[in-house]
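2 protein chains.
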Amino acid sequence: MDAQPVDQEAVARAVDAIEKALGADAVLRSRADLDEFRDPFWVLGSDDNDVAAAVLPADVEEVRAVVRIANEFKVPLWTVSTGRNYGYGGASPRVPGSILVNLSRMNRVLEVNSELGYAVVEPGVRWFDLVDALEDHGGEWWSSIPDLGWGSVIGNSLEYGRGHTRIGSHAENVVGMEVVLPNGELMRTGMGAMEGNRAFHAYPFGFGPMVDGLFFQSNMGIVTQIGWRLMKRPEKYASCWIHFDGDEIIVPVIDAMRELMLDETINNYPFLGRGVAANAEGQPDLDPDSQKWALRFALYGYDEIVEAKWRIVERVLGAIPGVEIGRKTYDGTDRAGPLDGIHDDKVQAGIPGMELLDLYKVPFGPDTGHLDFSPVGPLIGAEVLKMIRMVRSMYEEFGEPYAAGCMLLPTSILVVSVMFFDPKDAEKTKRIYDNYDPMLKRIAAEGYGLYRSHIFKMDAVAATFDFNDHAYLRFVETIKDAVDPNGILQAGKQGIWPRKLRAQR
Amino acid sequence: MDAQPVDQEAVARAVDAIEKALGADAVLRSRADLDEFRDPFWVLGSDDNDVAAAVLPADVEEVRAVVRIANEFKVPLWTVSTGRNYGYGGASPRVPGSILVNLSRMNRVLEVNSELGYAVVEPGVRWFDLVDALEDHGGEWWSSIPDLGWGSVIGNSLEYGRGHTRIGSHAENVVGMEVVLPNGELMRTGMGAMEGNRAFHAYPFGFGPMVDGLFFQSNMGIVTQIGWRLMKRPEKYASCWIHFDGDEIIVPVIDAMRELMLDETINNYPFLGRGVAANAEGQPDLDPDSQKWALRFALYGYDEIVEAKWRIVERVLGAIPGVEIGRKTYDGTDRAGPLDGIHDDKVQAGIPGMELLDLYKVPFGPDTGHLDFSPVGPLIGAEVLKMIRMVRSMYEEFGEPYAAGCMLLPTSILVVSVMFFDPKDAEKTKRIYDNYDPMLKRIAAEGYGLYRSHIFKMDAVAATFDFNDHAYLRFVETIKDAVDPNGILQAGKQGIWPRKLRAQR
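These protein sequence lines are chains A and B, in that order.
The opening residue of the first sequence carries number 1 in the working numbering; numbering runs sequentially from there.
The opening residue of the second sequence carries number 1 in the working numbering; numbering runs sequentially from there.
With the rest of the complex left out, here is chain A (with noise of 0.2 angstroms):
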């Protein structure tokens, strides 16, 4: 999209610098290997987010050499976890010509502390080797999961990404971080500042301030390791849901949910949607102009705990008029074999699957595409349902499937909404993504933030936060510009960009 502005000279020099550093078998650059990392869903002018070459560091100091070298040229990296970051770019960079720094072979389990109920673990740590790695632990501990369990830990999370078990605010799970800074250097966070200090990942501040926020969405640096919290696997898991027919009802449910969730009788993090949301095992409802909706939410606790939850969810909920409630139990040891196969009560149990995945290619088959477009609200009824149908609105003139899936916060709301397409068909590709512009324009107008965007709309999404000028951008790029003095590390990463490179805005 944007003029090259990449001296790709200097990149191939860089490379080989690398190759030399790191050994032949950790770089590729056929054209094979590197289309392996582009966006999978864009095919449109289809060498607008292509990378030079992809580097695989195997540990922490070739991670740092990747980055002297790159210090050394002046050239750019974009780093990706496992690059699963799918609906908003895959691994593909937002400058052309970068460096992929792929983090996938660092994928060690460094830590399972059983007593305090964390993992330690490296980028390449995919959801179902960690939750491999637990139940070889005996099993006591869940970890919270998103839809897919073939991403990263680390990726997610700093991507904002959520699950939907109690512990589903994925951000919120990082204790403690290693990360190389853009000049090279390696630093801890929190206690682990401190050499061998016994609570680097079991108490979530340290001395001075927390600089942790700094590397989610960030091009800060490369997290090589986090501290991540687990929930101690419960006596009972009771996966709940409610269907309702009519968006009306949208309103007095988001109400209730609030209060219980506020009240905290639920306490993981619940999914409205249409279709894919449902507790049902059969094919997803695409139909856009569709009113049935589904919400599923879990409790889990001491059998007895649970139940009393049960009877005030039971009692709050059902007497909404229109709404059916119903539930189906688990043992906290059961996992395979009960719940085999049921996305709904997999998630909620941090059982990682790829079930959704299969939803996903029904609209347009094994290549169907889709672009999230994700507005944040304030969990009050009335709101998300304008919220609601703004985007329906928006999405309407393509006639085409889309799903919405909401995801609940006890006093706040992602409008997940995944417009579906046909990356073959350039011409409607095309439109959908043009049609983003004005639909972020709308959204913004009222008062509504996006919480992730897809790397070709992320100067458009960091222009809507405008407070006193874009006083936070101005902020922000001027930390950049001081930690990462060459600009080399994932610029324009949210609309971050480096000073040389400000111009591609």
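A couple of the hints might just be wrong.
[Said to hold, decoys possible] Simulated restraints on C-beta separations:
| no. | chain 1 | residue 1 | chain 2 | residue 2 | range |
| --- | --- | --- | --- | --- | --- |
| 1 | A | G138 | B | D358 | 18 to 28 angstroms |
| 2 | B | K292 | A | G318 | 41 to 51 angstroms |
| 3 | A | R442 | B | E259 | 43 to 53 angstroms |
| 4 | A | E248 | B | E324 | 50 to 60 angstroms |
| 5 | A | D334 | B | E172 | 28 to 38 angstroms |
| 6 | A | V362 | B | E195 | 16 to 26 angstroms |
[As the list claims (entries may be wrong)] Computed footprint of chain B on chain A; a stretch qualifies when at least three of its residues, placed anywhere within it, have a C-beta under 8 angstroms from a C-beta of chain B:
| no. | segment |
| --- | --- |
| 7 | 95 to 108 |
| 8 | 192 to 206 |
| 9 | 259 to 268 |
| 10 | 307 to 315 |
| 11 | 447 to 454 |
If you're looking for bench data, these hints aren't it; they were derived computationally from the structure.
Where is the CB? At the ideal position from N, CA and C, for every residue including glycine.
Chain A is already provided as a structure; the job is to place chain B on it using the hints.
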């Protein structure tokens, strides 16, 4: 303690300029007025922490004016909300001769959002003020509060202060900030970075890196507004305690508490102490050799949930030999009256008071001083006992009273150790401050860091955070130099110095 690094003539001219901008009643210069802002417990060499003048802006534009003038004259500011940072230096600045910016006039509760459960407050809002405002709004929402009600909500939270309800990790209750940056610019964080955003205080993240953490224990900006998370008034509240005799019982008690907190049976932040922690109306037990311990915790919720949790707690904790367990239950609507004067029951119900201050005056009368030494460790019984014994043995030689008050988190613990002294006894007071440094070295050598410190000890504590040659400190100082090039704000706070003053370290 340091040589004067401040150009007093420039300071005098800056104070004149501030007076011109803010009005005469916003500037205090008399010795008697300024003495109010001294460390209340420091009399030795009493000019060590003097300020040149105190300025009291009434709103955010006046704060910006002060910051702009400080940049113009390149003079140091030291900001406090209300300055009740007792045990850590009170309102006194790290750099003698600074201009004190006291925000106590900015004391408005700007919003109480009864739907979403948050308040928006300015820095001068004290716990008393906030709780009064919540009562005026119908009392449906509780705030978490620390032991003393006279301090600032913002001031306490920015120091990683803690309370005793289920939202007692105060730093984590801050959702969305407004900040005056060191260059005088106004910034809003999170979703508030978008003008008019509806989820500013409802969703904890933004688009791009989180910068909120940079303003905790920091010198990167002056926080002028925060969103503050509240807790729904429960139907029922049980204030529970256990008592036991003998240090060894700490081990099984802590291990059981960790399990009960990790499975969410107990979801407030319990307190373990000698003497001052007892749920007793009597005098505190300040005998250093005492082996009498009390642990306090709370259960909140619907009647049947509280009762179910109590049965679990009674079964688990009651099974530990030597442990005596008890509780007192309240309706959520019980406020003044039933809880009057009962410190332990009030703080866990978010009712601010001043009872603890009286306890702190017992050792040497009204002028009793105290110095707090507060290491953090993992919440593992054997380690907690080890930490407590280490601190005790390091205090033993004084033969003077001290209080051990441990604040429990689900996986970590703050061993807040309070040494009392008579500030008029210059020799002993000096010995107590001098003793801090070897204590710090010994505790750090065992892998425990301090969560907070007195201004005089900030450099020493920061020096213990030594991973990779103090990579964290160097990273933070890189940011400091970028965002505050004139080094005007809170120089030396938590050991972070602007470039021009690093020789002060």
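Against the structure, the hints come out as follows:
1. For the hinted restraint 18 to 28 angstroms between A/G138 and B/D358, the CB-CB distance of approximately 49 angstroms leaves it violated.
2. For the pair B/K292 and A/G318, the beta carbons lie near 50 angstroms from each other, so the given range of 41 to 51 angstroms is met.
3. Distance hint check for A/R442 and B/E259: the Cβ-Cβ separation is about 50 angstroms, which falls inside the suggested range of 43 to 53 angstroms.
4. At roughly 55 angstroms, the beta carbons of A/E248 and B/E324 sit within the given window of 50 to 60 angstroms.
5. Between A/D334 and B/E172 the Cβ separation comes to about 32 angstroms, which falls inside the hinted range of 28 to 38 angstroms.
6. For the pair A/V362 and B/E195, the beta carbons lie near 40 angstroms from each other, so the given range of 16 to 26 angstroms is not met.
7. Coverage of the segment 95 to 108 of chain A by chain B is violated in this model, with 0 residues showing a Cβ closer than 8 angstroms to a Cβ of that chain against a need of three.
8. Only when three residues or more bring their CB closer than 8 angstroms to a CB of chain B does the claim for the segment 192 to 206 of chain A stand; here the count is 13, and the claim holds.
9. Only residues whose beta carbon comes within less than 8 angstroms of a beta carbon in chain B count, and the segment 259 to 268 of chain A has 6; three or more means the coverage holds.
10. Evaluation of the coverage hint for the segment 307 to 315 of chain A: fulfilled, as 4 residues show C-beta separations to chain B shorter than 8 angstroms, against a requirement of three.
11. Residues of the segment 447 to 454 of chain A with a Cβ under 8 angstroms from some Cβ of chain B number 7, which satisfies the need for three, so the listed coverage holds.
When each numbered hint is compared with the structure, violations occur for hints 1, 6, 7.
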